[in-house]
Amino acid sequence: MRALLVFQDGSYYVGESLGAIGRSQGEIVFNTGMTGYQEILSDPSYAGQIVNLTYPLIGNYGINDDDIESRRIQVSGLVVHHCEEIPSNWRCGYSLQDYLAKNNIVAIKGVDTRAITRHVRQKGVMLATITSDETVDEALARLSKMPAYETADFTQVVTTPEPYLWNLNTSAPAPYDHKSGRTAARRIALLDCGVKYNILRSLAKYDCETVVFPCTASHSEILACKPDGIMLSPGPGDPANLHPIVETVKHLVGQKPILGVCLGNQILGAAFGSKTFKLRFGHRGSNHPVKDLNTGKVYITSQNHGYALDPDGLKDGMEVAHINLNDGTVEGLRHKELPIISIQYHPEASPGPTDSAYFFGEFMGLIDQGG
Amino acid sequence: MRALLVFQDGSYYVGESLGAIGRSQGEIVFNTGMTGYQEILSDPSYAGQIVNLTYPLIGNYGINDDDIESRRIQVSGLVVHHCEEIPSNWRCGYSLQDYLAKNNIVAIKGVDTRAITRHVRQKGVMLATITSDETVDEALARLSKMPAYETADFTQVVTTPEPYLWNLNTSAPAPYDHKSGRTAARRIALLDCGVKYNILRSLAKYDCETVVFPCTASHSEILACKPDGIMLSPGPGDPANLHPIVETVKHLVGQKPILGVCLGNQILGAAFGSKTFKLRFGHRGSNHPVKDLNTGKVYITSQNHGYALDPDGLKDGMEVAHINLNDGTVEGLRHKELPIISIQYHPEASPGPTDSAYFFGEFMGLIDQGG
Amino acid sequence: MPRDKSLNSVLVLGSGPIIIGQAAEFDYAGSQACQALREEGLRVILINSNPATIMTDADMADRTYIEPLNVEFAARVIEKERPDGLLATLGGQTGLNLATQLAEAGILEKYGVRLLGTPLEAIRKAEDREEFRNLMKQIGEPVPESWIVTDESQLSDPASAGIWPLIVRPAYTLGGTGGGIAYNRDELYEIAHRGLALSMRRQVMIERYLKGWKEIEYEVMRDANDTAITVCNMENFDPMGVHTGDSIVTAPSQTLTDREYQMLRTASLKIIRSLGIEGGCNVQLSLDPKSFRYYIIEVNPRVSRSSALASKATGYPIARVAAKIAIGMRLDEIENAVTRKTLACFEPALDYCVVKIPRWPFDKFVGADRRITTQMKATGEVMAIDRTFEGALMKAIRSLENGIIGLSNKTAHLLSDIEIEEALRVPADERLWAITEAFRRGMAVEEVHALSDIDPWFLNKLRHLVDIEMRLKSNGTALVRLASDEKSDDLTASHPLAVRLLREAKFAGFPDVTLATISGVPELKLRSLRNRLGIVPVYKQVDTCSAEFEAATPYFYSCYDLEDER
Amino acid sequence: MPRDKSLNSVLVLGSGPIIIGQAAEFDYAGSQACQALREEGLRVILINSNPATIMTDADMADRTYIEPLNVEFAARVIEKERPDGLLATLGGQTGLNLATQLAEAGILEKYGVRLLGTPLEAIRKAEDREEFRNLMKQIGEPVPESWIVTDESQLSDPASAGIWPLIVRPAYTLGGTGGGIAYNRDELYEIAHRGLALSMRRQVMIERYLKGWKEIEYEVMRDANDTAITVCNMENFDPMGVHTGDSIVTAPSQTLTDREYQMLRTASLKIIRSLGIEGGCNVQLSLDPKSFRYYIIEVNPRVSRSSALASKATGYPIARVAAKIAIGMRLDEIENAVTRKTLACFEPALDYCVVKIPRWPFDKFVGADRRITTQMKATGEVMAIDRTFEGALMKAIRSLENGIIGLSNKTAHLLSDIEIEEALRVPADERLWAITEAFRRGMAVEEVHALSDIDPWFLNKLRHLVDIEMRLKSNGTALVRLASDEKSDDLTASHPLAVRLLREAKFAGFPDVTLATISGVPELKLRSLRNRLGIVPVYKQVDTCSAEFEAATPYFYSCYDLEDER
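Chains as they are written, first to last, in this note's numbering: chain A, 1 to 371; chain B, 1 to 371; chain C, 1 to 566; chain D, 1 to 566.
The set of hints was computed from the structure by calculation and includes no laboratory data. Computed from a prediction, not measured in an experiment: that's the story for all the values here. Glycine included, every Cβ here is placed at the ideal spot set by N, Cα and C. Please note that a few of the clues may not be correct.
[Said to hold, decoys possible] Covered by chain A, according to a simulated footprint, are these stretches of chain C (three or more residues, beta-carbon under 8 angstroms):
1) 234-246
2) 279-286
3) 382-396
4) 454-467
5) 554-565
[Stated by the list, open to error] In silico DSSO-like pairs for lysine-lysine, Cα to Cα no more than 30 angstroms straight-line:
6) D:Lys-5 / D:Lys-80
7) D:Lys-341 / B:Lys-123
8) D:Lys-110 / C:Lys-525
9) B:Lys-336 / B:Lys-275
10) B:Lys-297 / D:Lys-270
11) D:Lys-80 / C:Lys-525
12) C:Lys-211 / A:Lys-297
13) D:Lys-270 / B:Lys-205
14) D:Lys-364 / C:Lys-211
15) C:Lys-525 / A:Lys-297
16) C:Lys-137 / A:Lys-297
17) D:Lys-80 / C:Lys-341
18) B:Lys-275 / D:Lys-110
Sequences and hints are given; from them, build the entire structure.
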């Protein structure tokens, strides 16, 4: 069935409907990773976004039960060049189109995803819609009434409604009882703005149990679980909307070692006086070079963010520790005295290179020194 | 047996004796042709010179009875890198070393002919000697007493003692009887300063019989044979020494169509007011590009000359018609009105490319128009 | 760190004559290296003996020596030229061997020549079977279990290891005869017994037989600062057992999940780091199609034929970057020559599919054994790029210039059903066309997979192509009608199914000439029909970054898609 | 005339995958052409499908298309890019065929693309057997007499022509079986009868058989102003019957008198002029070793494998110059890239001897027929330069990298006398070593010549090498004595004969390792002995002009001579 991808600026692409029939809308972004569509679909940081995948053959290995990064599909919509109908992989449970349909995701295939990428590169991200029952003009009219991406606080949408626990024995959220004893060497309190399960899996591998708190949790609720360290998760949306969370974090600073990842990095930056600005088309993919300013070493990182920290406002001992080699933006912070580190990219990978997994180890070091 | 090649400037090369035992001396020059050593040996223009052959494998095809360009070996000496003892060619009569020995030519082999070429290129041609029974100092002392190459008139040495006739029926000089009738369409009178047989063979192919006159012949002797055209042959030595011949030629100008080749070109130039100058290391080889200024066409030519015409003095209607593309020197003249043409290179080839054979045809054209 | 300023001149070793298994890729790599070094102001001295290459062109190096590539001649050149450094990792095995010999002979030390790039130690470790196995064990990377057996009593080790099947190869026999695959203890003893008798030195090698496992390659690079990246991964169409140079290869991998991709990527980077390679390196891995188990098969501690393919498939100039690394530069100091805006320190993101097909010389060696095994037989290769696998494959077939332009070769249709099965089972140069013929005869993907072990993903793509072919055949009349419809204003509206079929066929790479033959529509008419329908190809740029950044280098491929980029 | 200013952009066609008989030389030629055209300010567009080449490097052309080399894809690129010109004579047969097809399909005319360089008409004339024969007859150049016979009654023509022997080849048989050489009328009828029966189309080709004739090649160039030059001539070690790509080749010719050389040169230039070629061309001629008779065998109206060899043998960049000629420049307007002082309009003068040896893939195709005939089987080649034939040959052997380092291969000594004779008679890849073995066994040059038809000049050189080998063997003690003489001030005076032998062996290219093996003097000791004696190699420059002019390009080879030039 014919479907349309219509951009806020009036440009549109004709393709075929994929997944559910209907309409989806969001900020259109592109991801240049060649593998990992399942992880992308379930990454909460894509909430409110339609993701255009630049690799043209999608769905080759289908969908499996393991490589899922949150409790549901998080993207608003998906744009692919070709969707493989007969996937091939030993873990494959269902095909991508069945998965999308089952989860009611309105996607589109058969469009020139490279042209779309080039358009976004040149014009910047913007609102778009996938629709199978409207004319272009109708879709545009609807788009014009949609609130801007920046106006929504998507962390509220993706955060866990209740605290939960994750440890080596779980491969999914387990109920958290604040009275129950520890099951691992360290306990991490995680402020969930849109955590990916692989962060929790990675922490578990370092012999940590993680208590995941809704992003609305207060600092005292968090500290009440007696964590050895605190982690600020990745998440979707404009960091400028997250004033309450920043305030929470300000109260946590100095209490425990803190690790911020992605949105967590920006929240920490905000807590230390910095502001964020929107990137024209963000960083989304598995091949971004990041330099550790301390060691001079370069890591290939998995990224997914549309905003960057302005380093100028940083104060109170916080300094830039990593930069992106492509555009020089801030990719990580480190406090001169306190055990606080953060990176803008994804040590948990999934999808993408696992080069930065060592960063969890650094956090463990801070915990073990401080504790 | 050990032999030496000693240069006037004191440099010397140790090799092995080739051909006759003894001493030879002359101006050392190099020839870059890769074939044609037999023709070179018998080319009268090399009189008074020791020829260094740049191609390192000499004697491969031996010596035959046909490819001889005059009645004897003309070079003073020969320098080769390697002399093949067992030649291979269907026409081969004897090996090069036997031929040299039989003809009493003192040569040298086993020397670095490329080093010698480079030396000559850098220092210019000079006197040298091949010797198998002297020390370097003895040879140098002897060289220092030798008259300079420029002081000798080698045309006197190489010219025919008596007039002779060459036509299609002869493959060697035949007696010339001035009473006998013509045997060919045209009769050419040739002033022999050191003619190569292939000039005579070439003329014969154009249905010419040639009467070859000693270079001392007077213009009236020459004209007495009632030629249709007059040819001035190539030859050895410094053209500045040839005043009497130049005077003879001045008397021939305007009488008959004239073709000058090599030394003949220079003599014609002198007859029309030009002077010659010595080239540092001459033009000797089979690969010199010459441009016909009239047509713009370029010909690969066989060359053997150590002097060039200075075009500045040319007068009385004579003009430069060909130039050398390597160094821009004069390679041919043409009279604006009279049927006089000349080239500095060898239309008869032998050795070398036959591209310029057409020049004999041009001469025939002048004869047939004028006669 | 900018380039090592103590280096003023570098000796580059060429690759000698072109032989089977070593074609122009080393000429390419060496030439790129010469240019890269000169770009950095170094004086380049070159030795090579091959006239038919651009590398021995007079202006490629500052000094070129036309000499044999051996210790004696190289030592002389070193003595004369006194280069500060020697670059040997870009001339294939020839250059590498010569460098090793020069070091062992003490020449490098004597004249103070530093071996640039990968240390010899690393090369030795990668190439010596035992050392390599030990290193892999140290770093916890798996290699296929193997035993060398000289006596039947030693068979108890492999027999009791519980690994089946095992491949048994007698050492030192002519043409490797007498080996076999053992699926159980009895077969092992039987085959080994026979093999020991046949081996001139009474020795057989027994190894885990990775039947049907996927063969995956990673091209990795590392600088002296230990920054390491993967430039490209590739997946072989032909599973284990066929030399990668004789395999049809796709880039990037098609059937790996991100987890599998990253697992093998991580292993490859671990290996390049453990070897201490400074420059490029090729890691070949074998992956179980049914689990996360994998084995390291081979490591080429240098730029290889696969690197050349990876370079052209991604736009990333591996040899150029390897040369700069060799003189001390870091990946983050080298410019991305394609975008000219980003750095060499990134991993190319492809937004197209690359297919390489080998070109074999069996047209010239009529009697030769056309089976393809672990020893490479191809002389050359072609590469095609498209937005679909089908399109890239069809283009690559046409690039072979062997008279085959699509899904049929000259012989497969003559084979009996039994012969087709055999042709699927035993890899040979034209297996591809035996597969298409099998689908024509109604064989199922599962059946072809059972015989060939080729991943169903690839087989489904081939079956898709055969499906289109068959639909074209049965829709000849409809296509003729479509092509003859001069009246309709909107052909798509009046012939929706025929137009869709035509579009599908073109997107899948069917050449007009094939469409014409099958449908009966003359080729010219077909072309004008396509133009009316707007089914025309566009050109897209190879830019190393999936359009994320603007690229400066104009390197294009055609495809049936929307936007033309030029 | 400077380059044609109406040209702004040029499409260059690459050569596709590497196949037997077409190696990296077209990559070389095409890359040189791209550079030459860009040097003149032209925009270069390139199509190629081969990833393993430097030509498809991103910075070789202004736009690179990775596409199949066929009409459909090329037409599209032409439609998009609208090049002013098409250069097709540098991509081998692939490029030439494609250009012809593009012209025939009307694509060039439709888009106003001019075919640059040699006109298609000339290409057709050179490649069509009948047209070529007619043209040669018109200009009075001889081609071997030949007849196509479909019926025995037609045999009277060749039978009565008085030409013997004749080679009879049945058309359309598998592998060319059933032919033969007829030395008289009876044999002709017998063989032709059999051949007609075997031919699927009842057709045999009968041709003058040039048994034992020399095979000579000239590389010629011509510009649009009709200036024509020969860049290089080459003489095949193997006489007629072996493809020049499978022959050992020397440059320049060694056994031709100036008269023979010029006769064939003149014929070659006449041919390039009569064809109207603008660019490079390769003329293959066959010369009777016993008279001035010759035949034109073949003309390649384009840059070929031989051109690459000729370029490297002389230093003259044929492809570069051909590209410039193609855009309208004249030979006398193009700089000599080596001297940088003279022009491309001259004929290189060599002051060294070049030997090329093919590299065959028989190590990889164990069962293949190793005989070398008129269809090329080599994959690569090596070239060596020295001041002697012996030295160049020995260096070339060492460059082969096939384990043979001198006058002995691994098998010739195992052959029986009868087998040796057979190995001399039937050309195969290792005939060279059968010859040296024959000399070892005391065969005379005349006997080897009678069996092999190889010119005695070459055979004498081989015998010279074997002579040295044998003298080394019988002088082991003397050499050991010489090497152990630590006291003598003047070794040459005290061991004159031993020193002379050593010098002769080194000048003839014997490697130290061979000398050590034969003489029993350890290699290191031998080397230090050589140093004491001053028997050390020097380097000489390849300069296109035999040192007549100073050269700017540093392109070197080693030799045992006096002056080192660096």
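Against the structure, the hints:
1. Look at the region 234-246 of chain C against chain A: 0 of its residues bring a Cβ nearer than 8 angstroms to a Cβ of that chain, fewer than three, so the hint is violated.
2. Coverage of the region 279-286 of chain C by chain A is violated. Counting CB-CB distances below 8 angstroms, 0 residues qualify, and the rule asks for three or more.
3. Under the rule that three or more residues need a Cβ within less than 8 angstroms of chain A, the assignment of the region 382-396 of chain C holds, with 3 such residues.
4. Closer than 8 angstroms: that is the beta-carbon criterion, and the region 454-467 of chain C has 4 residues meeting it against chain A, so the requirement of 3 holds.
5. Remark: the region 554-565 of chain C is confirmed as covered by chain A, as 4 of its residues place a Cβ nearer than 8 angstroms to a Cβ of that chain, reaching the required three.
6. The straight-line distance between the Cα atoms of Lys-5 of chain D and Lys-80 of chain D is roughly 22 angstroms, inside the 30 angstroms bound, and the hint therefore holds.
7. The straight-line distance between the Cα atoms of Lys-341 of chain D and Lys-123 of chain B is roughly 19 angstroms, inside the 30 angstroms bound, and the hint therefore holds.
8. In summary, the hint linking Lys-110 of chain D to Lys-525 of chain C is supported, as the alpha carbons are separated by about 17 angstroms, within the 30 angstroms threshold.
9. For a cut-off of 30 angstroms, the pair hint linking Lys-336 of chain B to Lys-275 of chain B stands: about 19 angstroms separates their Cα positions.
10. Proximity of Lys-297 of chain B to Lys-270 of chain D is assessed by CA-CA distance (about 16 angstroms); at most 30 angstroms being required, the pair is judged to hold.
11. Restraint check: the Cα-Cα separation between Lys-80 of chain D and Lys-525 of chain C comes to about 21 angstroms, which is no more than 30 angstroms; the hinted pair holds.
12. Between Lys-211 of chain C and Lys-297 of chain A the CA atoms are separated by roughly 40 angstroms; this puts the pair beyond 30 angstroms, and the hint is violated.
13. For the hint pairing Lys-270 of chain D with Lys-205 of chain B, the CA-to-CA distance comes to about 19 angstroms; that is within 30 angstroms, so the pair holds.
14. For the hint pairing Lys-364 of chain D with Lys-211 of chain C, the CA-to-CA distance comes to about 24 angstroms; that is within 30 angstroms, so the pair holds.
15. The straight-line distance between the Cα atoms of Lys-525 of chain C and Lys-297 of chain A is roughly 60 angstroms, outside the 30 angstroms bound, and the hint therefore fails.
16. This hinted pair checks out: Lys-137 of chain C and Lys-297 of chain A have alpha carbons roughly 27 angstroms apart, not beyond 30 angstroms.
17. A distance of roughly 27 angstroms separates the Cα atoms of Lys-80 of chain D and Lys-341 of chain C; the hinted pair therefore holds under the 30 angstroms criterion.
18. In summary, the hint linking Lys-275 of chain B to Lys-110 of chain D is not supported, as the alpha carbons are separated by about 60 angstroms, beyond the 30 angstroms threshold.
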